[in-house]
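*Asks:* Required output: the full structure, derived from the provided sequences and hints.
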Amino acid sequence: MILTTLLLMQGQVLAPAETGEEGRSVLPSLFSADGDVSLFGRVQQDFAWIDDDNFGTRDGSELRRAWLGVSGNLAEGLDFKMEVDLAAFDAGGAAFRDAYVKFSNLPVGSLKVGQFKEPFSMNFLTSSKYITFTERADTFAPGWNVGVMAADNNENLTWQAGAFWDAPNTGNLETDNDTAFTGRVVFRPYMENNGQRLAHLGLALSLREAESGAFAAGTRGGVHLLDGMMAMGAIAADDGLTLVGLEGAIQEGPVWGQFEFVQADGDDDSVNSWYLSGGYFLTGESRGYSAESAAWKRVEPNTPYGNNGNGAWEVAARLGSIDLTEAAADNEVTSIALALNWYLTNHTRVGFDIYSADSDALSEDLLAAVIRFGFDF
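When we follow the numbering used here, the leftmost residue of the sequence shown carries the number 6, and every step to the right adds one.
No wet-lab data here; the hints were simulated from the structure. Any given hint could turn out to be false.
Keeping only pairs whose Cα atoms sit at most 25 Å apart, straight-line, the calculated BS3-like set for lysine-lysine is [claimed, not checked]:
1) 86 with 107
2) 302 with 107
3) 134 with 302
4) 107 with 134
*Replies:* Printed below as a string of structure tokens:
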């Protein structure tokens with residue numbers, strides 16, 4: 006019902022269904038009279054063991070993501086994308102993720118209108134399908150909001166800039182209908198073999214209204230199933246909030262590294278976070294990379310699972326910190342994550358992570374193990 010509604014909203018008319026040997030309908034054609042329409046989605050199921058005396062020792066599982074969407078071409082140089090997180094309905098959270106149209110045949114670059122990710126943080130702009138760890142590091146990324154964004158790229162440079170308004174059903178910031186101006190520029194000194202050899206340096210800036218008068222931030226130490234927050238606080242932002250992010254990444258064949266530092270400045274106080282991560286593909290692959298989004302893309306195993314193939318294997322580590330000492334929390338959390346990933350095919354993956362986090366304000370450290378089974382299509 007949701008997908009049918011989305012297609013009708015876009016004015017798409019499906020072509021007649023394909024038929025099997027006996028004339029039975031097999032699958033509806035995903036081609037419209039005006040252009041191509043694609044159905045896509047992702048499912049990620051997590052299982053976790055958590056040992057933390059502050060919140061209790063427990064096992065748990067959750068359907069972390071169950072996204073379904075459609076994308077396609079409305080006319081030459083005019084594309085659309087609409088995506089729904091079905092798992093969020095049960096959680097009472099956001100439902101829509103991306104919902105936008107994109108104009109491409111412009112004198113310079115492209116223009117995107119609708120709801121989508123603000124251009125801030127390589128960590129957040131990398132799709133959850135392609136992140137190395139089960140959870141991203143804390144970077145205060147604004148997330149999905151409604152806006153208008155212009156962007157362009159070439160081999161060495163990517164820039165993105167836009168105006169945004171907090172989406173009440175998906176915004177990550179603790180503000181009400183605030184306006185923001187967010188931009189990001191990435192310079193690549195070199196990029197060879199589709200990013201198999203790569204150097205990436207980026208800077209992002211977001212100037213934000215904060216009508217609520219405060220900016221709130223917190224962390225679960227990298228474990229989404231944790232019952233509470235290891236740290237949470239707020240800084241006054243009556244005069245607005247400034248987010249500044251510095252990012253970098255490097256890849257040399259099967260070896261990659263990445264870092265980010267983000268600071269949020271309010272009226273008088275500030276909070277910051279940083280992380281340093283790296284990985285190695287035991288089977289010789291490299292991470293995919295997109296110059297358009299200036300973010301990581303899909304890992305493609307050299308020998309996919311099945312037919313005598315074993316898929317791709319990766320080991321990775323991350324050290325990170327979020328400093329809320331100037332916020333009400335008066336707290337700093339340092340975390341370590343270790344990952345072992347098995348990419349069976351281009352679209353199927355199993356991940357095993359171990360998380361450890363230390364909080365100044367809590368008596369015991371967090372220790373957790375998480376297994377994720379995920380696929381996308």
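*Asks:* The structure should be examined with respect to each hint, and the outcome stated for every one.
*Replies:* Outcome of the hint check:
no.: 1; hint: 86 with 107; result: holds (8 Å)
no.: 2; hint: 302 with 107; result: holds (20 Å)
no.: 3; hint: 134 with 302; result: holds (8 Å)
no.: 4; hint: 107 with 134; result: holds (22 Å)
No hint from the list above goes unmet by this structure.
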